[in-house]
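Novice: Please build the complete structure, drawing on both the sequences and the hints.
So the protein sequences, as listed, match chains A and B.
No gaps in the numbering here: position 40 of the first sequence is 41 in my numbering, and each next residue is one more.
No gaps in the numbering here: position 84 of the second sequence is 789 in my numbering, and each next residue is one more.
Among the hints, a few may not be true.
[Stated by the list, open to error] Within a straight-line C-alpha distance of at most 27 Å, the following computed BS3-like cross-link-like pairs (lysine-lysine) qualify:
| no. | chain 1 | residue 1 | chain 2 | residue 2 |
| --- | --- | --- | --- | --- |
| 1 | B | K725 | A | K43 |
| 2 | B | K719 | B | K769 |
| 3 | A | K43 | B | K769 |
[Said to hold, decoys possible] Which residues of chain A face chain B? A partial, calculated answer using Cβ under 10 Å:
| no. | residue |
| --- | --- |
| 4 | I21 |
| 5 | Y37 |
| 6 | Q39 |
| 7 | G42 |
| 8 | Q46 |
| 9 | D50 |
| 10 | R52 |
| 11 | R62 |
| 12 | V88 |
| 13 | A92 |
| 14 | L101 |
| 15 | T102 |
| 16 | F103 |
| 17 | V111 |
| 18 | P113 |
For the record, the hints were derived by calculation from the structure and aren't laboratory data.
Where a beta carbon is used, it is the ideal one built from N, C-alpha and C, also for glycine.
Letter by letter, the chains look like this.
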Amino acid sequence: GESVGLHLPTLSVQEGDNSIINCAYSNSASDYFIWYKQESGKGPQFIIDIRSNMDKRQGQRVTVLLNKTVKHLSLQIAATQPGDSAVYFCAENNNAGNMLTFGGGTRLMVKP
Amino acid sequence: GAVVSQHPSWVICKSGTSVKIECRSLDFQATTMFWYRQFPKQSLMLMATSNEGSKATYEQGVEKDKFLINHASLTLSTLTVTSAHPEDSSFYICSARAGGSMNSPLHFGNGTRLTVT
Numbered sequence: 002g003e004s005v006g007l008h009l010p011t012l013s014v015q016e017g018d019n020s021i022i023n024c025a026y027s028n029s030a031s032d033y034f035i036w037y038k039q040e041s042g043k044g045p046q047f048i049i050d051i052r053s054n055m056d057k058r059q060g061q062r063v064t065v066l067l068n069k070t071v072k073h074l075s076l077q078i079a080a081t082q083p084g085d086s087a088v089y090f091c092a093e094n095n096n097a098g099n100m101l102t103f104g105g106g107t108r109l110m111v112k113p
Numbered sequence: 706g707a708v709v710s711q712h713p714s715w716v717i718c719k720s721g722t723s724v725k726i727e728c729r730s731l732d733f734q735a736t737t738m739f740w741y742r743q744f745p746k747q748s749l750m751l752m753a754t755s756n757e758g759s760k761a762t763y764e765q766g767v768e769k770d771k772f773l774i775n776h777a778s779l780t781l782s783t784l785t786v787t788s789a790h791p792e793d794s795s796f797y798i799c800s801a802r803a804g805g806s807m808n809s810p811l812h813f814g815n816g817t818r819l820t821v822t
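Specialist: Laid out in structure tokens, this is it:
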């Protein structure tokens, strides 16, 4: 079936640097995308979302970019902190279904 | 914000026994809840959609007689793993939407770590 996937399984960054986590999706009908952060032993935590009628959305220290032409989604974290270390998942929702499909996840490791 | 609570957070059971996991929406009503399973170092895989007052919808490959779902109220869904086997050992996570729109984020519980010995 259609799926959401990630380019990099592990990303290591220096504390204070910016992080960029990428995600490719294949379902062109998807109209809503979410980034989640999952710490070890916990459930996913909502970070930021974006609808398909937008190409950029900013939150506190995070920005999500959506490129519908190439079906690509990215999460940018500014001034990465040790507390940002976690696995990050992108998820998509196509309007046909009331559920989310998750990508494979990227582990972000922040070096002090 | 919307809070989803799961209980227990972890459970160890013997092979052949059944285990019930509860998922509650604490500050909102959820007509629909979702059950996911996550194996180590893998992503979340949707198992089933729990519908209040009606039968759950299971994803392909998920045995409905093995993973019994009951959504008896607007704030509680339960997942029962029947006749558990070691291969059922996994991290089970439930979620729900606080908003009515499909374009609103899912809020997740903190998961239940099931270990079957």
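Novice: State for each hint whether it applies.
Specialist: Outcome of the hint check:
1. At roughly 19 Å between alpha-carbon atoms, K725/B and K43/A fall within 27 Å of each other, so this suggested pair holds.
2. Distance hint between K719/B and K769/B is fulfilled; the C-alpha atoms sit about 21 Å from each other, no more than 27 Å.
3. Distance restraint check for K43/A and K769/B: the Cα-Cα separation of roughly 26 Å lies within the 27 Å cut-off, and the hinted pair is therefore satisfied.
4. About 20 Å separates the beta-carbon of I21/A from the nearest beta-carbon of chain B, more than 10 Å, and the hint is not met.
5. The interface hint given for Y37/A is met, as the beta carbon of that residue sits about 8 Å from the closest beta carbon of chain B, less than 10 Å.
6. Interface hint status for Q39/A: upheld, as the beta-carbon distance to the closest one in chain B is roughly 8 Å, under 10 Å.
7. At about 7 Å, the closest approach between the beta carbon of G42/A and any beta carbon in chain B falls short of 10 Å, and the interface hint on this residue holds.
8. The criterion of a C-beta within 10 Å of any C-beta in chain B is met by Q46/A, whose closest approach is roughly 7 Å, and the hint holds.
9. A least Cβ separation of about 6 Å between D50/A and chain B falls short of the 10 Å threshold, and the interface hint therefore holds.
10. Among the interface hints, the one on R52/A holds; its C-beta lies about 6 Å from the nearest C-beta in chain B, closer than the 10 Å criterion.
11. Checking R62/A against chain B by beta carbon gives a least distance of about 18 Å; that is not within 10 Å, so the hint is violated.
12. Contact between V88/A and chain B, as hinted, is supported at the beta carbon level, the nearest pair being about 9 Å apart and thus within 10 Å.
13. Interface restraint check: A92/A against chain B, minimum CB-CB distance 8 Å, threshold 10 Å, status holds.
14. Checking L101/A against chain B: minimum C-beta separation of about 6 Å stays under 10 Å; hint holds.
15. Below 10 Å, beta-carbon pairs count as interface contacts, and T102/A has one with chain B at about 7 Å; its hint therefore holds.
16. Proximity of F103/A to chain B holds as hinted, the smallest CB-CB distance being about 5 Å (cut-off 10 Å).
17. For the restraint placing V111/A at the interface with chain B, the shortest Cβ-Cβ distance is roughly 19 Å, beyond the 10 Å limit, so the hint is violated.
18. This hint is violated: P113/A has a C-beta 24 Å from the nearest C-beta of chain B, more than the 10 Å allowed.
Consistency note: the structure conflicts with the earlier hints numbered 4, 11, 17 and 18.
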